[in-house]
Each structure stands twice: as structure tokens, then as C-alpha cells.
Amino acid sequence: MLSGIKRVFALLTTFVLAGPAAADEVERWGVNMTKGVTTVSSDIYDLHMLIFWICVGIGVLVFGVMFYSMWAHRKSRGAKAANFHESTALEFAWTIVPTIILVLMAIPATATLYDIYDTEEAELDIMITGYQWKWKYDYIGEDVKFFSNLSTPRAQYELDGSDVEGRMANPHYLLEVDEPVVIPVNKKVRFLITANDVIHAWWVPELAVKKDAIPGFVNEAWTKVSEPGIYRGQCAELCGKDHGFMPVVVKAVSEADYAAWIEERRMAAVKLRELTEKTFGFDELFAQGESVYNTACAACHQANGQGVPGAFPAIAGSKVATGPLDSHLSMVVDGSATNPAMQAFGGQLSEVDLAAVITFQRNAFGNNMGDTVQPIDILNFKKKQ
Amino acid sequence: MAHGPQPGFKRWLYTTNHKDIGTMYLWFSFAMFFLGGIMALVIRAELFQPGLQIVEPEFFNQMTTMHGLIMVFGAVMPAFVGLANWMVPMMIGAPDMALPRMNNWSFWILPFAFAMLVSTLFMEGGAPNFGWTFYAPLSTEYAPPSVTFFIFAVHIMGASSIMGAINIVATILNMRAPGMTLMKMPLFVWTWLITAYLLIAVMPVLAGVVTMMLMDIHFGTSFFSAAGGGDPVLFQHVFWFFGHPEVYIMILPAFGIVSAIIPTFARKPLFGYSSMVYATSSIAFLSFIVWAHHMFTVGMPIAGELFFMYATMLIAVPTGVKVFNWVTTMFRGSMTFETPMLFSIAFVILFTIGGFSGLMLAIAPADFQYHDTYFVVAHFHYVLVPGAIFSITAGVYYWLPKWTGNMYNETMGKVHFWLSFIGLNVTFFPMHFVGLAGMPRRIPDYALQFADFNLIASCGAFLFGASQLVFLFNILRTINGGKKATAEVWEDADGLEWTVPSPAPYHTFATPPVVK
Amino acid sequence: MASESSYYVPEQSRLPIFATVGLGLTAYGAANWVNGNSSYLFMLGSIVLAGVLWAWFGQVIKENMAGLNSDQLKKSYVWGMGWFIFSEVMFFAAFFGALFYIRTFALPWLGGEGDKGSTNMLWQGFEATWPLMTTPDAAVNGDAAKIAGPNAIIDPWHLPLINTILLLASSVTVHFAHVFLKKDNRKAFNWWLFATIALGVAFLFFQVEEYLEAYQELGLTLESGIYGTTFFMLTGFHGAHVTLGTIMLLVMWCRSVFAGHFKKDDHFGFEAASWYWHFVDVVWVGLFIFVYVLGS
Ligand code: HEA
Ligand code: HEA
Ligand code: CUA
Ligand SMILES: [Cu+2]
Chain A
1 MLSGIKRVFA
11 LLTTFVLAGP
21 AAADEVERWG
31 VNMTKGVTTV
41 SSDIYDLHML
51 IFWICVGIGV
61 LVFGVMFYSM
71 WAHRKSRGAK
81 AANFHESTAL
91 EFAWTIVPTI
101 ILVLMAIPAT
111 ATLYDIYDTE
121 EAELDIMITG
131 YQWKWKYDYI
141 GEDVKFFSNL
151 STPRAQYELD
161 GSDVEGRMAN
171 PHYLLEVDEP
181 VVIPVNKKVR
191 FLITANDVIH
201 AWWVPELAVK
211 KDAIPGFVNE
221 AWTKVSEPGI
231 YRGQCAELCG
241 KDHGFMPVVV
251 KAVSEADYAA
261 WIEERRMAAV
271 KLRELTEKTF
281 GFDELFAQGE
291 SVYNTACAAC
301 HQANGQGVPG
311 AFPAIAGSKV
321 ATGPLDSHLS
331 MVVDGSATNP
341 AMQAFGGQLS
351 EVDLAAVITF
361 QRNAFGNNMG
371 DTVQPIDILN
381 FKKKQ
Chain B
1 MAHGPQPGFK
11 RWLYTTNHKD
21 IGTMYLWFSF
31 AMFFLGGIMA
41 LVIRAELFQP
51 GLQIVEPEFF
61 NQMTTMHGLI
71 MVFGAVMPAF
81 VGLANWMVPM
91 MIGAPDMALP
101 RMNNWSFWIL
111 PFAFAMLVST
121 LFMEGGAPNF
131 GWTFYAPLST
141 EYAPPSVTFF
151 IFAVHIMGAS
161 SIMGAINIVA
171 TILNMRAPGM
181 TLMKMPLFVW
191 TWLITAYLLI
201 AVMPVLAGVV
211 TMMLMDIHFG
221 TSFFSAAGGG
231 DPVLFQHVFW
241 FFGHPEVYIM
251 ILPAFGIVSA
261 IIPTFARKPL
271 FGYSSMVYAT
281 SSIAFLSFIV
291 WAHHMFTVGM
301 PIAGELFFMY
311 ATMLIAVPTG
321 VKVFNWVTTM
331 FRGSMTFETP
341 MLFSIAFVIL
351 FTIGGFSGLM
361 LAIAPADFQY
371 HDTYFVVAHF
381 HYVLVPGAIF
391 SITAGVYYWL
401 PKWTGNMYNE
411 TMGKVHFWLS
421 FIGLNVTFFP
431 MHFVGLAGMP
441 RRIPDYALQF
451 ADFNLIASCG
461 AFLFGASQLV
471 FLFNILRTIN
481 GGKKATAEVW
491 EDADGLEWTV
501 PSPAPYHTFA
511 TPPVVK
Chain C
1 MASESSYYVP
11 EQSRLPIFAT
21 VGLGLTAYGA
31 ANWVNGNSSY
41 LFMLGSIVLA
51 GVLWAWFGQV
61 IKENMAGLNS
71 DQLKKSYVWG
81 MGWFIFSEVM
91 FFAAFFGALF
101 YIRTFALPWL
111 GGEGDKGSTN
121 MLWQGFEATW
131 PLMTTPDAAV
141 NGDAAKIAGP
151 NAIIDPWHLP
161 LINTILLLAS
171 SVTVHFAHVF
181 LKKDNRKAFN
191 WWLFATIALG
201 VAFLFFQVEE
211 YLEAYQELGL
221 TLESGIYGTT
231 FFMLTGFHGA
241 HVTLGTIMLL
251 VMWCRSVFAG
261 HFKKDDHFGF
271 EAASWYWHFV
281 DVVWVGLFIF
291 VYVLGS
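Protein chains in written order, with the UniProt record's numbering: chain A, 1 to 385; chain B, 1 to 516; chain C, 1 to 296.
Chain A extracted, bound-state conformation:
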């Protein structure tokens, strides 16, 4: 905090003392919109600056006249009040001139908007689904899909988290994920955006893509990135408790790297399916279950299994987690019948992860059921339905 205050003073002094150096400071401090890395983002940036300078111009004029009168026509200086209070010519002028200015602004704005809306001829389609509070990416036609969760350690951001130093040293605090969405450069990528529960919005400033993810409807957006790189953004529509904790990370890579990545993902999926047949030991399941729990469940049920009273039930001592296995399976695989906040995880997690997290819940936080759930049990449970 002290360092923060020092920086404030540093900024103030640069603004005051060094005219040209201030420009660099402005850049470093991030006081303006990013130019971004796509044609659309730079068009929007130009549009933004254009309107900004027009407003500054009008402002200087209007406030100029005002400050002049406040200085020149003040009573203490002996000013006598005039008595004019009408002028059709003036009124006419200051109706027409702003209208013309507005029309001039509207022209480039309209052109840019048409460009943004043109999602035709995309070379790659990615379906993006917002969940409370993570994103799912589905490469249409590629058999590649995965969830992308915040990967900043909980200890760095939770209220009773202890890792304050880690937080202050983490350059991507709250803007990092376990699995970024990967796209090839120089290809027009279309995003099909929707949501599973509430409205979210998928936003990456450097791509200038922001589109609401509406449950039950699909919105389209597109981008074409020219520079390989990692671009970070956040969910931009209030979506509940962890709205501030569902970042977007886009990794733009060369075409060759992209092809290799897709291949790798495919192989991984095949491997995962094979694992479903395997029988795991308790410790193995419990350990993996803990990590799954922390990424997928702890947002609501809390890392200590205590839940949030009134909103999310505790797992510790929960009737479901310490009751018959079938109702536990059904709660996790199909979600709650009464409260949509408890999603159906059957389609979100692999059989292995499901088995692990259920095993974990039945044996952690003082729940001592002693049973193990195997991936094959999950598969059988799903088949029964």
C-alpha cells in the first residue's frame, strides 16, 4: 500500500513537471484504451480517439467562454449585467452545428459496426459457453473441448488467503487460467457464444471482442489476430458471486503450432477414455479428487467444505455426501433438481474426475464413508439412465 501511495506521487510529479515524459507515463500506467492486435480493435481505438478529441474541442470552447465570463463579468470587478435573453440565430446555430458534428461521427462508426457484424466466411468455429464461473471451449468439428478455470492459487485471492506476497508478485493475478483457448493467427475465427446458466460476457480487450453469452441463445463474433501472443480478458457481465474470477485467456499461435496442439488434445482425449476402464487406488482418487474439488467445486462449497450458509450447502457432514451413493452420484452427475446453481457435472468432468471428486467428498472434511468410487461406476450410473 505504501508503494502504491509512492507511485501516486510519482505520477503526479511527472504530470506536473515533465510534459513529454508524461506521455510515456500515460502509456505505462494504462490510462487509455488498448489499440489491440486486430483491424477491428484499431478501428475502434481510432473511433474512440476521434470522439474524444471532438469532445475535448467542444469542451475547450464551451468552458473557455464560461471561464472568460466568470472572470470578466463578475460583480466584484464592477461588471454591469446586460439584459439580452434571446437570439434565434444563435439558437439555430448551436442546434445545427452539433448535429453536423454528430453526423460526421456516425459515418465511421457505422462502417466499423458493419465490419464487426460480418461473421461470414470464417475458417474456424469455436463454441464458447459461459458457466458459473468458468468458460467452456468447443472446437466445432474437431472433437476438442475443455473447460478453462481461473488458475490463480486460492491462497492469493480468498478473503482469508495468506499468500499476500504471492499476489503482489503475480503479474497475471486473476488473469490466468489452467487451459487457455488456442487460436491460429491470420485466420478468421468465428466465436459462437452462449451460456449454460446466467448471462456472462466474453471479452478480450486486445481483440475488441465483447459479446454477451445468453443462456439458450447463440451470439456470433469474430476475430483475426495477426500477432502470436497471449491476450487476457475477463467476464464482463455480472454473473453471481465469482463474476470477478472468471478470466479469459486467448493464446494465438502459428498455424503449424495450432495443428500440433489440436492433435495433442485429440490424443489426450483418447487416453482419458482409456483410463475409464482402469481401477484406481483410494489414495490416488482422493488426491486427484482434492484437486478437482478445488477447481470445480470450491467456488461454491468452499475449500474447507463449509459452503456459504443460505446459498451453498456444506459438504462437511452433508446428508448427500454421507448418504447413499446413488443420490450423491445423481446430485453431481445430473445436478440438483431444485436449484440450478448446482449444475450437472456429468458432461463437464471426465469419468475419472467425477469418480475422484465424489470419492474425495465422501472422505474429506470429516466425512468418513470409507468407500471408493471408480470411473466405471460413473459410466454404469450414466448408462442406467
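The set of hints was computed from the structure by calculation and includes no laboratory data.
The structure presented is a predicted model; accordingly, all values stated were derived computationally and were not measured.
Each hint should be verified, as a subset may be incorrect.
[Claimed, not checked] Listed next, with one range per pair, are the computed distances between beta-carbon atoms:
| id | chain 1 | residue 1 | chain 2 | residue 2 | range |
| --- | --- | --- | --- | --- | --- |
| 1 | A | Arg-266 | C | Thr-129 | 36 to 44 Å |
| 2 | B | Pro-5 | C | Phe-206 | 41 to 49 Å |
| 3 | B | Ala-466 | A | Lys-188 | 48 to 56 Å |
Virtual Cβ for every residue (Gly too), placed ideally from N, Cα, C.
The hints should help you fit chains B and C with the ligands onto chain A, whose structure is shown.
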């Protein structure tokens, strides 16, 4: 009829007097301003530095929601109604409001509504946590049980506003003194007449949308659920059809107040009276056809996007006319800078800055970058705090001598002004920067690059908040004594309210004055 | 514009604060009730509110008969009622707007047409039709759907047509009542007003009949997707307004028959009720066209 107020608390419970009711509205709104302000301070304290320090995200969202709701429905709107109650009958030479008993009812249901709203903080599952715009389905399928109380509270607030508005319309249309033609009415009366129409037109729509929520939550309808053939975006259309005119409801009376104060202290008649009236009407009309500029990113068809962009941009024209008229009123006047004038001048400057950022938001493609960031938060606090709040403050200083019979302390007023002016800009100006740099709104914690400006903003908020204590103190002192005010109070002030003694007698204009 | 010097400003009154208590209890009780708790508070509140309103109107009537109300004051009531009705119009507008939006935008998108047609990939097999007999949920999930459509809908040319005729007729009868009142023909006034009330009751009777048919035979309920939603919300709110209007007219009738109220040039209470009635009638015409006829 001629006697004064009854002693004791019954005076306030049973009163039918527009001045009593106005006073109650004003105190209520002041209390709500402090309550909403304290919630804002919780928000600012949490955002003081990165990391979660004092509140859980769940509670943070409740604070944001309640802050927005309380400020909009509890602080700004009742303050304007309070001023209307006090001033409109005096300005048009009427003995009271047209429907005095209903006037009392409109007021007293408000504290009930807000008691109910605030009580949700103590309910299981917590208070509403879905933002003051309460988008479905977060506010329907995913809401805490207290949402039902929120819905009924909104219903009562709506009823209060509609009754209040009907009363004002009836008063203005029916009770003007002989000779007070429409085009002779003070602009405050004009702006309130138009505001009242906006209220009557849109509050029922708000009632409609919360009713749809209630049905979706408890009675199985599918307004906002795609599975049944509805659409969550329908909620937003109906909400903003109310919501956009609502923001003008919070600014048109402000225009009226400032149009009364600037001529007084410039000692020169208001420039372009009739164009002010036409501009106000045009703003009100346009306000009905721009609502979807809050929804540029929901994926509207491009035709809709363009229509709402153009219509929104057009509002700059009549608003500009107003700004130019105020500036021209000052031009070649003979100005002094008492506290009401200071607040009014700050209003003109800072509201215009807020208007400029509004115009930037109106450019649909650019809004794709601005939307739901702190740039929007900066915009609307510039139009609301130095807009609505400053105009109310200016009005209170301007008319306080008329209400109490005493002059307020000018030095303290100036201290209040400068602390507020500085505090406010320190709070809200940096929000433009963090917004442009990419900080979303409604988040309890943020990435490190936003840290410095948030720290500055939080400091400013506490300064601004503390300076309001000066205001409170000044008001209390003025009520209890101080230099006696003359009937005219201000040199050369124009209007019927300055023809009656200060403090204004309990009943004014039992026989209507004749206006030439 | 003000002309007389005596605008009656009532003395202090207890009515509003009691009405506040009534309304507060009603609202708080209603919220409590729909949240699954007891309905006592709501009942208590409604009774208090109804009682206070009774006393309030009684007071206004008394003042009027005592000659306290100048012409100017009466005009305030006229403006008040007029703009109140306008606010009701806007309330209905919100629901008509919702219907319009759903039919023109949302459903076609869900069915794969128009700008957001790619939405259909979430609801494969769903087709946009109106009336919506198969919801998107039902199109995708078949019998497992939580929100299924209705089996059939109300035929506009039976009960609704009868109801249209009844209500249109009632607007005419209430107008005649007014005409006779202005001619000071008390007896005819009472009869025409009675006829209006009877038509209103008949309308309500058939409306209930229609709802029973919808729920019991057609599977058309509040819960049967957006068709049922819009159908019942629009007709339901209208029905509630007819009920209120009928009560208002009934009160006017009682006042005329039992208390001999109203004069040929002083009867705003009745006039206000009749305006309300005309308004309810106009809404019905909108409903008949947009919900029943164009909806089948
Ligand atoms: C008092 C309240 C108030 C007022 C007066 C305004 C005024 C305006 N607002 Fe604002 N607005 C809000 C309150 C208000 N707003 C609130 C509360 C929100 C957020 C809601 C939420 O999401 O929570 C919001 C959000 C908001 C958005 C949505 C942003 C987003 O969520 O992405 C937009 C977009 O168009 C917008 C535009 C405008 C415009 C164009 C005006 C115009 O009326 C401004 C006109 C004024 C001027 C332009 C200045 C003076 C003119 C001149 C000097 C003339 C010459 C000028 C030129 C030709 C440039 N506002
Ligand atoms: C008229 C309306 C109005 C007013 C006056 C204000 C006033 C203030 N607002 Fe607010 N605000 C809104 C309307 C308003 N706001 C709305 C509609 C939203 C959107 C909500 C949403 O997203 O849903 C919002 C959101 C909002 C946010 C964003 C929250 C988020 O996105 O998560 C922030 C953050 O800083 C904020 C801050 C402030 C501050 C610091 C003030 C200050 O001006 C307040 C100053 C007042 C006081 C501080 C109280 C008085 C003083 C005391 C009680 C004395 C004690 C104090 C001290 C000794 C310091 N407001
Ligand atoms: Cu997801 Cu905000
Ligand atoms: Cu708006």
C-alpha cells in the same frame, strides 16, 4: 385553514401540508444518501487495494446492488419530489398540492418500502446481489429468496412515484395562479411537469417487469427462459424501456434547478427560455427511443444497433442547447459566487463531462470496449453525483433561507463545495482510466495494473463522503439560527417564492396572487 | 387555471398513514406468502387497506356533498383519474410489448431464422410456430421436458367472441347510464348501470369457464411455455381489472340506489368508474385481436 402546524409527531404522520411533506421527503432522501453512501464506502474500502480484504464477494455484490438501488430510488428521486413539494406550489402561486392527502400517502409508503428493502440484508441467503439492473436469469432462477421482498418493495416505490407524479401534474395543470400561463412558469416547474410524465409512463413498466420476474420465480412462467420459448434479453428490453427514461427523471429537475440559480447570480434573465422548454421536451421524447444503448453487446440485429446509436447521439443536441444557454446566461452578467452558484457552475462543467462520456458510450462499436467497465461507472457518476446530487445541494442552499428564515453559513458552504468538488473528481475521474484500461465493473477484486487508480479513487470517496458531514452540520445550524433572511433573500431573484416572507408561512397563497 | 380563491385543502388526516400501514402489511405479507410462509399478514393488510380506502372515499364523498369541492378542485380529481388510467395503459403495454418481442424476435431466432438463427443449434428440431405448441425444451427433450407446450388452445370464436360482445355491449350500456344520469333520469340510470354490472359479471363467469377449460382439458396453463405465459398474464391482468371495475360500478350502483348519490351535473365518482370501464374494454379489444385472433 389559516392555522399553523399541530405540535408533536402527529404533525408529521397526519400532515397534508406540502411544506411538511416536502421536508419529510428531503430528510428521508438525505438519510438514504448517507446509507447508500456508506455502502459505497464499503465498496471503495474493498477496492482500496487488490485482494479481498474486508468482505466476501457475495456481500460485495449485495453492497453494489443496494448502493445503486438506494441512491437512485431512495436518495435522488425523493429529493427531487421533496423540492417539487416545497417549491412548485409556491412557484405557481397555489395554496398547496392538488391532492394533499394522497401526497402524504405517497411519502409515507416510501420509508416502508425501503425498510423492507434494507431488511433483506438480514435475511437468509442475503440481500439482492444481482446489480441494480437485476438482469434475469441471475435475478430469477439464481436469486436468493429475498428477491421476493425486493420485488414488492419496488412495487411500492413505483406506486409512490406514480402517485407523486400524478399529484404534480394535477397541481401544475390545475392550480396555477391567474396570469401564470404555461410559458411563464419557472423552468423548474416545466422540467418537473415533463419529469412527471416520464414517471407516469415508465414506472408501470418497471412494475410490469418485476411482475414478470415474480411469475417466473414462483409461478412457473417462461418469460425469461429459452427452454419455454422466452428470452432473457426480453427482460433487458423491458427494464431499459423504464431504465433509460429513469436516468432523465434524475436529471431533468436538476436542469430546472440550475436554470433558476444561474440567472439569479448572473443577475441576468435566463437566455433562451422557450428553447429550454423545447429542449427539455425533446430530451424526454428521445429518452423513450434509445433504451437499447445499454444493450449494444447483447447481440441485437445490426439495424437495431444503428437505430439506437443514432437516436442516442441525437440527445446531445437538445442537451447541448441547454448547456449553451446556461453559458450565455452567464456571459455579460454580473456574477457573484455564493454557494448555490458554485454548485451550479460545477454542475454545468462536470455534467457536460459526463455527457461527453455518454456520447462516447453511444458510439456502438466503441461501446464494445467500454461496456460494463469502470468507464461506464465513471460516466454515470459524473452525471449523477455532480449532476443530480450537486443540483439538489445547490437547490438546498438556494432555498434553505426561504424554508428556515435563516441564512446558512457561507464560509462553511464554500468549504463544503471545494471539498466535495475535489473529492468527487479524485474519486470518479480515475475511473475513466481504469475502465479504458480494461477493469470490469461489479468486481470485488482486480488485476494488479488497476491498483494505483483504485487507491486514489478510494481516497477521494472518503474525502467526498466526509465533506457531506459539513453539509449536514451547516443545515442543522441554519435550522437552529443564524442571520435572518429577508423575503427576497437574493438580490434580484425572480419568482413568486421570493414574494412571501422567510420562513415561508405554513400556508402560502390561500388567495392566489395575480401574475402579470 | 385558478379562478376561485377557495381551493379546499383538507386538514390533517389519519387516512394516509393508516393506508400506509395497510399497504405495507399487504406487500410484506404477500412476499412472505409467495415465499412459502403463512398468508395471515397479507390477509390482515388487505383488510386494513380495504377498510381505509372505504373510509377515504367516504370522506371525499362527504366533503363533496358538504359543498367543499370547488370546480377547480374537482378538476384535480379528473386529472388524477385520467393519468392514473394512462399509467395502467403503460402497465399493459409492457406485457403486450413482451408478446410482440417474443413473436417477432425470440421465437424465430430459437427456430433458426433471422439474425440470431444459429441459436437453433442449441435446440435442434425446434420450429417457431404460434401458438407455440412444442416448446424448445420439449423439442429437444421430448417427454423429459420440464416445460412442455399446451395440447390445444382456446378457440377465439367461441367464448372469447361471446366475451367480446358482452364487454362491447357493456361499454354501450354504461354510456347510456351516463346519458340518463345527465338527463336526471335516475331510474333509467340505475337500470342501465345494473345491466353493465350484469354484463361484467357474465364476462367474468365466462372467463372463469375458459380458464377451467384451459387448465382441465387443454393442458394450457401458466406453466405451458411462453404461449401459456403470455396468454394467462395478459388475460389474467385484464380479468383482474374487470373485477376491479365491476366492483367500482357496483359501489356506484349502491350509492345511487341506496344513498341517492350523484347529481346530473355532479357525479365524478361514477364518471371515473365508467372511464375505467371503457379502458378495460379497450384493452380487451386489443387482447381479442392480438392474443386470441392473431394468436390462433
Ligand atoms: C442522470 C443520469 C444520466 C444522464 C443525464 C445520462 C446521459 C447520457 N447517457 Fe448515460 N447512463 C446513466 C445515467 C445517465 N446518463 C446510468 C446510470 C448508466 C448506467 C446504467 C447501468 O448500467 O448501471 C448510463 C449508461 C449509459 C450508456 C450505456 C453504457 C454501457 O453500459 O455500455 C450509454 C450508451 O449510450 C449512455 C449514454 C448517454 C448519453 C448519450 C447521454 C446524454 O444525455 C448526454 C448528453 C450531454 C452532452 C453530450 C453534453 C453537453 C452537450 C454539448 C456541450 C453539446 C455539443 C456536444 C457534442 C455535439 C458532442 N449512458
Ligand atoms: C444517484 C446515484 C448515485 C450516487 C449519488 C452515488 C454515489 C457514489 N457512488 Fe455509486 N453507483 C450508482 C449510483 C450512485 N452512486 C449506481 C446506480 C451504481 C451501479 C450499481 C450496480 O452496478 O448495480 C453505482 C455503483 C458504484 C460503484 C461501482 C460498484 C461496482 O461496480 O462494483 C462504485 C465504486 O466505487 C460507486 C461509488 C460511489 C461513491 C464513492 C459515491 C459517493 O458519491 C457517495 C458519497 C456519500 C457518502 C460517503 C455518505 C455520506 C457521508 C457519511 C455517511 C459520513 C461518513 C463518512 C466519512 C467520515 C468518510 N458506485
Ligand atoms: Cu461470468 Cu461474469
Ligand atoms: Cu441510457
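Going down the list of hints, with the structure as the test:
1. Separated by about 41 Å at the C-beta atoms, A/Arg-266 and C/Thr-129 satisfy the suggested range of 36 to 44 Å.
2. For the hinted restraint 41 to 49 Å between B/Pro-5 and C/Phe-206, the CB-CB distance of approximately 54 Å leaves it violated.
3. In this structure the hint that B/Ala-466 and A/Lys-188 lie 48 to 56 Å apart at CB holds, the actual value being about 54 Å.
The structure fails to meet hint 2 from the earlier list, while all remaining hints are met.
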